[in-house]
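Chains as they are written, first to last, in my numbering: chain V, 428 to 779; chain X, 428 to 779; chain E, 14 to 347; chain R, 14 to 347.
Treat each hint with caution, since some may be false.
[Stated by the list, open to error] Okay, derived cross-link-like pairs now, EDC-like style, lysine to aspartate or glutamate, Cα gap no bigger than 16 Å in a straight line: (1) R/LYS319 <-> V/GLU751; (2) E/LYS56 <-> X/GLU751; (3) R/LYS56 <-> V/GLU573; (4) R/LYS68 <-> X/ASP689; (5) R/LYS319 <-> V/ASP689; (6) E/LYS319 <-> X/GLU751; (7) E/LYS68 <-> V/ASP753; (8) R/LYS319 <-> V/ASP749; (9) E/LYS216 <-> E/GLU265.
Calculated directly from the structure, the hints in this document are not laboratory data.
So the chains spell out like this:
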Amino acid sequence: MADTKRRTGKQPGDKPEELRSFYEGMSLVRAFELRANEMYARAKIGGYCHLNLGEEATVVGLTAALEGRDYLYTTYRDHGYAIMRGMEPSAVMAELFGKATGVVGGWGGSMHMFDLDKRMLGGYGIVGGQIPPATGAALAIRYRSEPGPDSEAVMCLLGDGTTNIGAFHESLNLAGLWGLPIVYVIVNNRLGMGTTVEGASAEPDLYKRGCAYRIEGDRVDGDDPVAVRDAASAALTRARQERKPGLLELMSYRLKGHSVVDPARYRSKEDTDEAKSNDPVPAFRARLITDGVLTEADADAIDEQADTTVTEAVAFAEDSPDPEVDRLFDGVYASQVANVPSRLPGQPAVVS
Amino acid sequence: MADTKRRTGKQPGDKPEELRSFYEGMSLVRAFELRANEMYARAKIGGYCHLNLGEEATVVGLTAALEGRDYLYTTYRDHGYAIMRGMEPSAVMAELFGKATGVVGGWGGSMHMFDLDKRMLGGYGIVGGQIPPATGAALAIRYRSEPGPDSEAVMCLLGDGTTNIGAFHESLNLAGLWGLPIVYVIVNNRLGMGTTVEGASAEPDLYKRGCAYRIEGDRVDGDDPVAVRDAASAALTRARQERKPGLLELMSYRLKGHSVVDPARYRSKEDTDEAKSNDPVPAFRARLITDGVLTEADADAIDEQADTTVTEAVAFAEDSPDPEVDRLFDGVYASQVANVPSRLPGQPAVVS
Amino acid sequence: MSEELRVITYRQALNETLRAELEHDENVFLIGEEIGIFEGSYKITAGLLEDFGPKRVVDTPISEEGFVGAAIGAAMLGLRPVVEIMTLNFSLVAIDQIVNHAAKMHAMFGQQVKVPMVIRFPGGGGQQLAATHSQNLEVWYAHIPGLKVLAPSTPAEAKSMLTAAIRDDDPVIFLENLALYNVKGEVPDGEQVAEIGRAAVIKPGSDLTVVSYSRGMVTALKVAEEFEQKGVSVEVVDLRSLRPLDRETICESVRKTSRAVVFEDDMLSYGIGAEVSATIGEGAFDWLDAPVRRVAASEVPLPYAKPLELAAMPDAVDLTRVVQETLDATRFTN
Amino acid sequence: MSEELRVITYRQALNETLRAELEHDENVFLIGEEIGIFEGSYKITAGLLEDFGPKRVVDTPISEEGFVGAAIGAAMLGLRPVVEIMTLNFSLVAIDQIVNHAAKMHAMFGQQVKVPMVIRFPGGGGQQLAATHSQNLEVWYAHIPGLKVLAPSTPAEAKSMLTAAIRDDDPVIFLENLALYNVKGEVPDGEQVAEIGRAAVIKPGSDLTVVSYSRGMVTALKVAEEFEQKGVSVEVVDLRSLRPLDRETICESVRKTSRAVVFEDDMLSYGIGAEVSATIGEGAFDWLDAPVRRVAASEVPLPYAKPLELAAMPDAVDLTRVVQETLDATRFTN
Ligand SMILES: Cc1ncc(C[n+]2csc(CCOP(=O)(O)OP(=O)(O)O)c2C)c(N)n1
Ligand SMILES: Cc1ncc(C[n+]2csc(CCOP(=O)(O)OP(=O)(O)O)c2C)c(N)n1
Ligand SMILES: [Mg+2]
Ligand SMILES: [Mg+2]
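Whenever a hint applies, use it, and build me the whole structure from the sequences.
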């Protein structure tokens, strides 16, 4: 990654409490995902379950760059974003457990975290499916408000493999054409399931793909939360003030399989070893200790706190009630109209 | 068009008989399209009808670059390509008339000219719809044969407005990734219906859009059949020998409305006047006369011949029989199987 | 013509309604290909760009998936986009956004977000546009929970149902038909808001029920009138709302007439008529004197040539024959 | 276990058939996401890349529209692509290529070109994959002339029908089901080629007909056996081919039993059951003693939470109740 923005050591501008909070976030996401993995193994969680393991710095850096008024659209790999966007870890875990207290009442599960108040406008399971709606959210911002430092903006996440689907192309063209306040963030974890970036994209330097829409691209070290936060803030500012869409590529690394059920046998040992050696959580921990931002004891305390939070989240999820079957038809439509079919299987379609 | 390859005057390499044949082709396409326009007005032709008026040099230059073994995929604006690819003008006109003697037996009409022997693999009415199949044809060539001067190649046409649809992106990425023998040709007639290139594409220099796939792009004066032929030949050679996909943008100009029923009121007088003054047919005619390739008399003779050919085509179409209704169900499937529904409207679905 | 009732075309009814809703609510905006400068490929949006400007009437590139999805996102933030897709056939490239996104969001995201949007497009064959440009796939959309699917058959319905669709908080598929745009009819002045989810008995009758919708209604009413002359009383039911489907109104009619024929422009297998027939079979079984017959298009990619296209599409002659066969099957005499 | 008959899973039957066809015809190749290195997201293609190499087993980027369309073009030139789309839900982004292109070309281009290809994907809910990943939209494809739609319910059918699909010269939609992959059954050795377009009476009976397909057949047969114990003779018809639909076999069965229930995993309105019910109503009207009932899924975007998902999906209890209600409606006694 010759052209990747790497940072090492504490920089003048970094505030210790900020760096500390970054580590708290990374530690919490790591603890949450490891526990989710465990709970899946114990069949407390069903369906697909994609983790942010290895992407904690990216998660923390990106969410730190967002203002409360901004909107976030993510992929199905969304637990960490949900938590760092301010959703309760307990409500996120309860969603994974499919409980009524989950962030979407047990209707969405792992891939579909959503919170209107936190302006986390959803995790999306269809590859590329989030990109057009995110672009439309930016259109709505432009429709309703003027550019400026206080403008709202949209951040839309996508994976490296997702740059090859039509929705990516159509959306970036619209954003460039209309000058929309949106930042597209490619989380390049080097794999789309088992496929490498070189195996899927004719232009593997993904940040360069903005060229087809005159959208500036930037590549950043996704293992450095500060670099991620700085790059995202800069792009969001351009979006707010100049209505210039941006494209960020964050170089990251998927620590485990595509989802919890994927043993990732297709990965070479070197590959996995490199991933491990690149693990951003211990790396950032060590860095803060070297830089004197944290002592070993501080770091341990933070990790313990994260562990406690997650344990409480699991307890909350465990104790929460299931969604009520007799409310099955409540959410199909927002405006109630005549003759909406609300029958359980086997009930007559017509009662004569 | 600063960076457009323009040519003026006869160049050393140009063979007179070739230049003459180019004018014959342009004159024929012009005559055919004007007559099609007239026949539509007289209700001999139905449905949509998109003409190549103003694109004659592009049609002739591109088809001249193709070898008999190559495959051509076009848009719905396909009459000229069908004729220059070797289909009988009479059979093309008969198709427009919806006759049994039409190139596809009256099943496709204006937008769907097709001839397997001539390797004209169809006009397509869904914007962008031809791009993935054309890419797949190139995949089949790579599957079956080695690169080299005798290799087959594919040419896929598309309009300027079509560069904004997902199929364009997905297809060029596949072609770049897999190294397919295909040349994508953007016929930039400056409009997609009523929308300008600048109004639709965030990167209006369309030949540059190959950047997202590491595909070389080239922009050429579409009013010069020789320049078009040369650029297309070069790109086809790269495709055959190096399995490098290419992207050509041909700067052209739509002389009339989007289709015969479009009065194009949205175009300014200047715009239309410029179009007329850019008319490639009289321009090329004059050029050949100036260069001493043709005399006025030669040119008149060519125009008369074209007119005669088209008149015969209309007569043939007029005299041809309608397709037979009792063969309505013959073509739905290639492999006949049990229980294929072959009922006329109102006939029972089940005979008990 | 009275002051309250004007005779206008289906096209004009749509155009006036779009104008009225743009005036009524500043969150309403129109988006689609060629709806501005070009005034719509079928001129439904004529004059609106000029009067409301490019913010309210948004011309898009040829990117159906992109702009339909963008409309979804705008709706999530509270705007009320009215999308035009040139014809139903082109909605296929945007269908993932419509079915996997717009239709699912309200339920899947725990009812936190609404997606108030309308997607308008004409369907139908008969214009010699050949196989890829002549389809009626509304049954696909009618199958999807989370969507509402409306299919007005007259200018008056076009007005009241489009108003209702735009004011509804869910994604609504609004089915028009190329052959209806120039059809004229009486339209009441002032605000008209239809009730979504209701079929209507357009012509009462006692001997046989013809069920249809959209363009099919024109033929259905014509044939019904002809039978009236022959002393056969045909009741005509206009589905109007394909989803939700008003099963009660359909069955009530057949419980009265005991004979039913479904007429649709679409192909027979797995079409709208299949659901209507199954519904009658379930809800009016004991009243039914003869099999429910379906008059629908031949199952072929629609050909370009006029004679073939005419042969493949259902018309008044086909409907008349099947109604008569159904009467004969029950030895009907008057 | 005899030499000619082995008990294997539905997954293994598919895998072995793909292998056999790759060996049988060098024009056959597999293309799709993660079918090579990853061996298929549901491991249907395990081992095939290793044995046949990247020319015959083509991994693609995430570009369904692109690679489905590319398969169409390859088929136009005489290759026989077998496309895997990870699940039915993702076929929506490729549906324009499938329906507006593959299905139309042979007829629209004057029968000059054939499009011999198979598009395989699993449908179905029940895995807690939530609304966008749990759909059964096979009825959409079954509605389209030019397509053939097959839905095998056993390992043996998976083998014979996939072989037939690959050797057929038209585009074939091959519907699998997530819940069937691990189901075991007896599969005959050697080449087996099913006849496309035929339903099959899997269990003969005289009192009532249950019609189903794909995964629904497992439940249908289970319930039929239970009624057999109670002395009720239930005939079970497996549609097998959704397009063409074998109307005669369905109606013949009901003319014998005079009672029918359709069981499907999909939602009721405009589902497969609607066409089956309408067909019976038309073809067995005089024999029918009770309304044809449909047991289908609740019309909601399928929820993630297990209790909700279970409630929304049809099961043996639902089918048993409806079969009993249908018997009672006709005062059936044995
Ligand atoms: C349209 C569509 N096609 C295929 C899939 C199956 N799928 C889910 S995730 C995934 C890989 C995505 O890779 P990438 O974009 O790199 O994101 P990552 O999982 O690495 O975060 C695929 C193919 C899908 N969900 N949607
Ligand atoms: C998917 C799709 N969307 C919209 C249309 C309607 N349509 C037909 S041609 C056209 C304009 C195409 O413009 P361009 O690509 O520049 O080609 P040109 O007509 O100028 O040759 C449009 C929007 C279509 N046929 N298919
Ligand atoms: Mg990835
Ligand atoms: Mg153009």
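Tested hints:
1. Taken as a hint, the R/LYS319 and V/GLU751 pair is honoured in the structure, with Cα atoms around 11 Å apart against an allowance of 16 Å.
2. Our distance criterion of 16 Å between C-alpha atoms is broken by E/LYS56 and X/GLU751, whose separation comes to about 36 Å.
3. The hinted pair formed by R/LYS56 and V/GLU573 fails the criterion: a straight-line CA distance of about 52 Å is larger than 16 Å.
4. Of the pairs offered as hints, the one joining R/LYS68 and X/ASP689 is violated, with about 47 Å between alpha carbons and a cut-off of 16 Å exceeded.
5. Annotation: proposed proximity of R/LYS319 to V/ASP689 is violated, straight-line Cα distance about 22 Å (limit 16 Å).
6. A distance of roughly 11 Å separates the Cα atoms of E/LYS319 and X/GLU751; the hinted pair therefore holds under the 16 Å criterion.
7. Distance check on the hinted pair: E/LYS68 and V/ASP753 sit about 44 Å apart at the alpha-carbon level, beyond 16 Å; violated.
8. In summary, the hint linking R/LYS319 to V/ASP749 is supported, as the alpha carbons are separated by about 9 Å, within the 16 Å threshold.
9. Taking the CA atoms of E/LYS216 and E/GLU265, the gap is near 14 Å; set against the 16 Å cutoff, the hint holds.
In the structure shown, a violation is registered for the earlier hints numbered 2, 3, 4, 5 and 7, in ascending order.
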